[in-house]
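Produce the entire structure from the sequences given, and follow the hints as far as they go.
There are 2 protein chains.
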Amino acid sequence: MAVTAGVDVGGTKIQAVVLSARRVVGQARVPTPATGVPDVVAAIVDTVRSSLDEASLKSSDLSGMGVGIPGEVDTETGHVSRAANVAGFMDDVPLGNLLGRRFRGVPVLVDNDVRVAIVGEYRRGAGRPYRNLLGVFVGTGVGGGLIFEGKLRRGRGAAGEIGHAVVKPGGRLCRCGRKGCLEAYAGRASIEAAARRRQKQGHRTILFEIMKHKGRDRVTSSVVADALDKGDPVTTRLVDQAVEALGVALASAQNLLDLEAIIVGGGLGDRLGPPFVRRVEKAMAPHVFASENPPAVLGTELGDLSGAVGAAVMAGG
Amino acid sequence: MAVTAGVDVGGTKIQAVVLSARRVVGQARVPTPATGVPDVVAAIVDTVRSSLDEASLKSSDLSGMGVGIPGEVDTETGHVSRAANVAGFMDDVPLGNLLGRRFRGVPVLVDNDVRVAIVGEYRRGAGRPYRNLLGVFVGTGVGGGLIFEGKLRRGRGAAGEIGHAVVKPGGRLCRCGRKGCLEAYAGRASIEAAARRRQKQGHRTILFEIMKHKGRDRVTSSVVADALDKGDPVTTRLVDQAVEALGVALASAQNLLDLEAIIVGGGLGDRLGPPFVRRVEKAMAPHVFASENPPAVLGTELGDLSGAVGAAVMAGG
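Just so you know, the protein sequences line up as chains A and B, in that order. Sequential numbering of the first sequence, starting at 940, is according to our numbering. Sequential numbering of the second sequence, starting at 940, is according to our numbering.
Calculated from the structure, these hints are not laboratory results. Be careful, since some hints might not be right.
[As the list claims (entries may be wrong)] For lysine-lysine, the following BS3-like pairs were computed, each having C-alpha atoms within a straight-line distance of at most 25 Å: (1) 1151(B) to 1139(B); (2) 1151(A) to 1118(A); (3) 1090(B) to 1090(A); (4) 1153(A) to 1169(A); (5) 1118(A) to 1221(B); (6) 1153(B) to 1169(B); (7) 952(A) to 1153(A); (8) 1118(B) to 1221(A); (9) 952(B) to 997(B); (10) 1118(A) to 1090(B); (11) 1139(B) to 1118(B); (12) 952(A) to 1151(A).
Computed from a predicted structure; not experimentally measured.
Have a look at this one:
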């Protein structure tokens, strides 16, 4: 009976789970320290230990550990770099080794956060019935992960960037510096930036009042959801554009790949939930070539545990 | 030493080759009869026999035969349907059986024309050095074929439709009835239709004079090439738009799949040749996310033999 740990290291939180006999038997979550690599590593270790405690297990029970983290990951060596949202991880960090030292003898596998999330949904979530699927994770940015014939597709290391599909040539500026990318319309950070621009232009919006009222310093997914619920016109328009952009990018991907399923998750995707997923499905429909055989379009089943569960699964759990 | 025949059945011509020890030892080409299924089948048989004659081989030497044809193909049964450009093949035609009867004992394999073409380029053409590639065939329409990890990807039967990637939401009407598809900008038939509209609107173009001068009743790839060489402004503009559209669609595909190579072929792609392929590569560049590691962008090596060679290869040659 394999016991494995999985950790999802995000810009705001670190989520760990422990799997035993394929089930989540322990979990824990802490805010991501903003104080650099040693503190982030210590927080990962603590979160895993808390998850083990919950299941009355010890680190010596672990047969493997997986970690998902944004940025570039060398899966061979466990090195991470260019993770802009995790303090200290823009530089090259030997995360696999650092954790291996703390969990003596436990093999540690490190991979990209979006990849571990699609593996989580594929193996233990909404993707279980399928062998060919795309996961699109709509959060601060927009990431993607591909499963073909039951296997994660990495390409040469950069596969899955559905967030940088061009949905409007010459369109809105993306955080990547290019124009018209899906992420420039559907990513939470881009929606926030676009709302600020519109407010400056004189459009009235309650989005930033909701943000302050919730004690946040940025427009989180729940801020967007509340503004949408209250009928804020700027937010409504921006989410409409996000849905249209997702429809275009996902339909183009579908026409090329003829997938069985597309899973829509991520912070914003999960928070806006099934009504949002249904809208994305509807926005895809007019652009799907094999319209008699569209893919299943689904929300996640594991929600914000997709990544941690996927990481634990990749570690053999 | 396997001897196989491969046939590419197109809207205008039927091209056959015979492979022996992996080399083309015979080939023949005839115009596609416009008079229905029996004549098309007879023409296929004759073309294969001519190819065998050239190599001093007999049909009893064949260990297999492959056929590529547009439309929907059931590869299990060898049935073809919805091939709009081949007379009689809109209806369901048991092409595999019809040919099997004429070549007694020779297994006949039927597949989609674009798929056999990408297999040809992958196994015997420009794609040989790679294991993950996309072929985009720019002809009357725009078709695509995908090779992942050395295997043709069919999806659920409809994979490869890069021609119906959305390059401009709400844009030019496509022959498929949708708007803004790649094919609406880059397909030869769409370029012809757009040129006619511009001429009606008062734009001056020599495209249709060139067509008549060449004794054609439609704007063939060589008509487009000649108009482009002569600097015809309408043709120049339309080809510019085709290049831009290909850049957007192929970059989006690249961002999702991180392919090693993209091969640009088809009647128009082959006719416009390397300068066109270089322009497509340049048009992709600003949209490629992993810009430090772009794919190789190549023309075909087999030209209009890609399909026939690929069909013969699929039959074991």
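Each hint tested on the structure:
no.: 1; hint: 1151(B) to 1139(B); result: 17 Å, holds
no.: 2; hint: 1151(A) to 1118(A); result: 30 Å, violated
no.: 3; hint: 1090(B) to 1090(A); result: 14 Å, holds
no.: 4; hint: 1153(A) to 1169(A); result: 15 Å, holds
no.: 5; hint: 1118(A) to 1221(B); result: 16 Å, holds
no.: 6; hint: 1153(B) to 1169(B); result: 15 Å, holds
no.: 7; hint: 952(A) to 1153(A); result: 18 Å, holds
no.: 8; hint: 1118(B) to 1221(A); result: 16 Å, holds
no.: 9; hint: 952(B) to 997(B); result: 23 Å, holds
no.: 10; hint: 1118(A) to 1090(B); result: 34 Å, violated
no.: 11; hint: 1139(B) to 1118(B); result: 21 Å, holds
no.: 12; hint: 952(A) to 1151(A); result: 21 Å, holds
The structure fails to meet hints 2, 10 from the earlier list, while all remaining hints are met.
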